[in-house]
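As they're listed, the protein sequences go chains A and B. Residue 83 is where the first sequence starts when you use the numbering used here, and the numbers rise one by one after that. Residue 2 is where the second sequence starts when you use the numbering used here, and the numbers rise one by one after that.
Please keep in mind that the hints were generated in silico from the structure rather than gathered at the bench. The reader is advised that the hints may include incorrect statements.
Distance condition first, Cα-Cα at most 16 Å in a straight line; then the derived EDC-like pairs of lysine to aspartate or glutamate [what the hints assert, rightly or not]: (1) A:LYS264 - B:ASP34; (2) A:LYS221 - A:ASP172; (3) A:LYS371 - A:GLU426; (4) A:LYS423 - A:ASP553; (5) A:LYS480 - B:ASP273; (6) A:LYS517 - A:ASP553.
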Amino acid sequence: MGGFGSWRRVSTPVIVGVALALGASASAQEPKPGGVLRVGLQGDFTTMDPHMSTSAEDRDLYYQLYSPLVGLDANLKIVPELAEAWEQPDPLTYVFRLRKGVKFHDGTDLTAEVVKWNFERMLNPATGSIRRSELGNVKSVDVLNPLTVRINLKEPDAVLLATLSDRAGMMVSRAAVEKHGKDFARNPVGTGPFQFVEWAKDDHLTVRRFPGYWKSGLPYLDEIVYKPIPDHSVKLTALRTGTLDLIDDLPPKDVTPLKGNAKLRVIETPGLGYRRIELNHTRPPFNLKALRQAVAWAINREAIHRAVFFGAGAPAQGPIPPRSWAYEPLPGYGTTPDLAKVKEKLAEGGQPNGFRFVLNVVNTPVAQKQAEIIQDNLKRAGIDMEIALLEVGAFDEKRRALQFDGAEGRWSGRVDPDGNMFAHLITGGANNWGKYANPRLDDLLRRARSAAQPGERKRLYAEALRIIIDDVPIVFLHHDAWTKAWDTRVQGYVEIPDGRMRFERVWLGR
Amino acid sequence: MLGYLLRRAGAMVPVIAVVSVVVFSLIHLTPGDPVNIMLREEADPATAATLRRQLGLDRPLPLQYAAWLGRAVQGELGRSIRTNQPVTDAIRQRVPVTLSLAAAALLVALAIGLPAGILAAVRRNSVVDVAATLVAISGVSLPSFWLAILLILVFSVTLGWLPPLGWVSPGRDLGAWVRSLVLPAVTLGVAIAAVVMRMTRASLLEVLELDYVRTARAKGLAERRIVLGHALRNALIPVVTVIGLQAGALLGGAVITETIFALPGVGRLLVDAIFQRDFPIVQGVVLVLALNFLIVNLLVDLTYAWLDPRIRYH
Chain A
83 MGGFGSWRRV
93 STPVIVGVAL
103 ALGASASAQE
113 PKPGGVLRVG
123 LQGDFTTMDP
133 HMSTSAEDRD
143 LYYQLYSPLV
153 GLDANLKIVP
163 ELAEAWEQPD
173 PLTYVFRLRK
183 GVKFHDGTDL
193 TAEVVKWNFE
203 RMLNPATGSI
213 RRSELGNVKS
223 VDVLNPLTVR
233 INLKEPDAVL
243 LATLSDRAGM
253 MVSRAAVEKH
263 GKDFARNPVG
273 TGPFQFVEWA
283 KDDHLTVRRF
293 PGYWKSGLPY
303 LDEIVYKPIP
313 DHSVKLTALR
323 TGTLDLIDDL
333 PPKDVTPLKG
343 NAKLRVIETP
353 GLGYRRIELN
363 HTRPPFNLKA
373 LRQAVAWAIN
383 REAIHRAVFF
393 GAGAPAQGPI
403 PPRSWAYEPL
413 PGYGTTPDLA
423 KVKEKLAEGG
433 QPNGFRFVLN
443 VVNTPVAQKQ
453 AEIIQDNLKR
463 AGIDMEIALL
473 EVGAFDEKRR
483 ALQFDGAEGR
493 WSGRVDPDGN
503 MFAHLITGGA
513 NNWGKYANPR
523 LDDLLRRARS
533 AAQPGERKRL
543 YAEALRIIID
553 DVPIVFLHHD
563 AWTKAWDTRV
573 QGYVEIPDGR
583 MRFERVWLGR
Chain B
2 MLGYLLRRAG
12 AMVPVIAVVS
22 VVVFSLIHLT
32 PGDPVNIMLR
42 EEADPATAAT
52 LRRQLGLDRP
62 LPLQYAAWLG
72 RAVQGELGRS
82 IRTNQPVTDA
92 IRQRVPVTLS
102 LAAAALLVAL
112 AIGLPAGILA
122 AVRRNSVVDV
132 AATLVAISGV
142 SLPSFWLAIL
152 LILVFSVTLG
162 WLPPLGWVSP
172 GRDLGAWVRS
182 LVLPAVTLGV
192 AIAAVVMRMT
202 RASLLEVLEL
212 DYVRTARAKG
222 LAERRIVLGH
232 ALRNALIPVV
242 TVIGLQAGAL
252 LGGAVITETI
262 FALPGVGRLL
272 VDAIFQRDFP
282 IVQGVVLVLA
292 LNFLIVNLLV
302 DLTYAWLDPR
312 IRYH
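Based on the provided sequences and hints, a complete structural model is requested.
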């Protein structure tokens, strides 16, 4: 990501080549244009305005409607999208050169002015955009010429490019926002491969091929229809009966039986996020390091991995998934329990006969099953854990009010390791629910955030991870996989490890 | 008659007012804040505060209620916190689905329940009666999610006759609309059919014991004419009451059936809104539901007079 002063550039044909090579494992045929792809989703989208979105799942739509400034490849490397090249003349400055001739679905042009306006929209407190905190380091944006923008930072920010590959980098049409105001959320206009057609909430959302898409020849599909289907077994039935072509977010228990079906393909992508237990550091028992360690060492993550997730994904020993460049195996609590160690830690924490605590759990089947396994693991180690199953609103309220010992949680994960650690572990961080505070870790995470060279960042993260696994601010449990299943006639799908669906290269065979 | 209608309509106002106050209080008493639920893990306090201010959620509750009421009497129910969609649009979009489903389910219920009830009463204690009673008891006892899945497996997966899910508007494709309603309507209708059957049977048996039926028989009228022409009409009054109550409940949306068949009805809108603490949607939907219930009740009362001309309203 570094390389001051040199334009980073990968021409479009190279990306196409990579994508085709990946798609080729599914089929060596020529892509066939046309057809309607029917996609089954667990829940409906919330808004079509990427700057206002608060739901990770919304992104499954956004990569069709919008293009981000930069993209991700299958190895999570940053690649050009709307910005065909960028440079970082100094640690506080990014200069992006925009692609020429990019049109919004309403016919307006993507210019440096529009990009500047997009950033200012997100940064303006009156917009109420959740992107504002993601772009907290952006001081100002300047237009250098009609196709070049300069982003000025308050502090060095190694995470910015990863942030711009997501919703904060998605450019919306200024003309459309000015025309529709708040209703832009239901009348979206972007530069993506598909344009919006209609949305009947909880029934379907349709997008159609945008003929003026800047990647010529793409997309292949004529139309995509998204259908939210809350019931898993019905969603599966719809796939089996050919009512749908592709479904998302399969429950782990349903994956194995599907694998034997020759008409269907199942794909499990190791995700970037994690499941965890947040610990309340402001009161006993978990204000004591030894007792936090006792819990961490007593959990059988391998059993959770097999019984709850049926072997999809990976047991977690920390916030960084094995797929990340920052990952490294560390000494510390492992995938299977170590009861001798637990005993030692209990004695060290002054509770040789074990102790009692309550785990707050949101009442979903997966979270409940996971909690029951943990309860059993801890019982064997002499720790008595009570499970409090809560509705999501009540869970949230108690967590914010620090009315918990432990709280089961899930983080969807970010491309850059910073997104999996910083706000969760830093003193006063927005996601640091248990009020953990460790100045040494704060310092490491801050330095890693602004370090320019990946080698330097990796070293800093390795040090931070050693603290995280020893001090147990949070008990990490599992890295879930993104699971999708589709009819074998769906071709050319390129799986990006952020788990989001991108359909510009997908086509229908037969 | 007109005076009666006006009085009934006038009586609806305090009922609706009480419902809206109760719903407003209950949803705000429930733990959970809409902005926090919406932002979930991404919440940073500054953004949350901005959103709360924009949505007017930082004001005292009585003021929030007054503001809502002021707009509601003008037919303006606000916008969804979650999706920013106007509440009236969201409801308008769902009503055709719920109305179709309710009508189709009642049709199924009447088509099965009435003939079965009449047969069971006329052939009291016969094999037909026992069989109809058994079917009715099973109909009431079957959980709808189980029946729905079973119907999908048989009629969509195995036979491939009907779509397993989804909603098609009648304006787009009339045939597809009917096909999309069959399975959910049967799922819902079977349980109601059982209630209708039991009620018809009991009520008809009672009427068949009355003097005027004996007189009719003495006059030598055909049994068929006696049952269908004379007795049934009187026997239907309690049946209509039951159907009215069921219709009112159906208009509130059948959440389980709507969820399984992925139908975008009122029930799903309301339940999702409750989970997300989407106050404007919850208040708007409950308001409309309460109104529906009152109107259905009024229609039921008017039907009594049509069935039994001795009943008069003043």
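Comparing the hints with the structure gives:
1. The suggested pairing of A:LYS264 with B:ASP34 is violated, with an alpha-carbon distance near 22 Å, which exceeds 16 Å.
2. As the CA atoms of A:LYS221 and A:ASP172 are separated by approximately 15 Å, the hinted pair is consistent with the 16 Å bound.
3. Our distance criterion of 16 Å between C-alpha atoms is met by A:LYS371 and A:GLU426, whose separation comes to about 13 Å.
4. For a cut-off of 16 Å, the pair hint linking A:LYS423 to A:ASP553 stands: about 15 Å separates their Cα positions.
5. The suggested pairing of A:LYS480 with B:ASP273 is violated, with an alpha-carbon distance near 21 Å, which exceeds 16 Å.
6. The straight-line distance between the Cα atoms of A:LYS517 and A:ASP553 is roughly 14 Å, inside the 16 Å bound, and the hint therefore holds.
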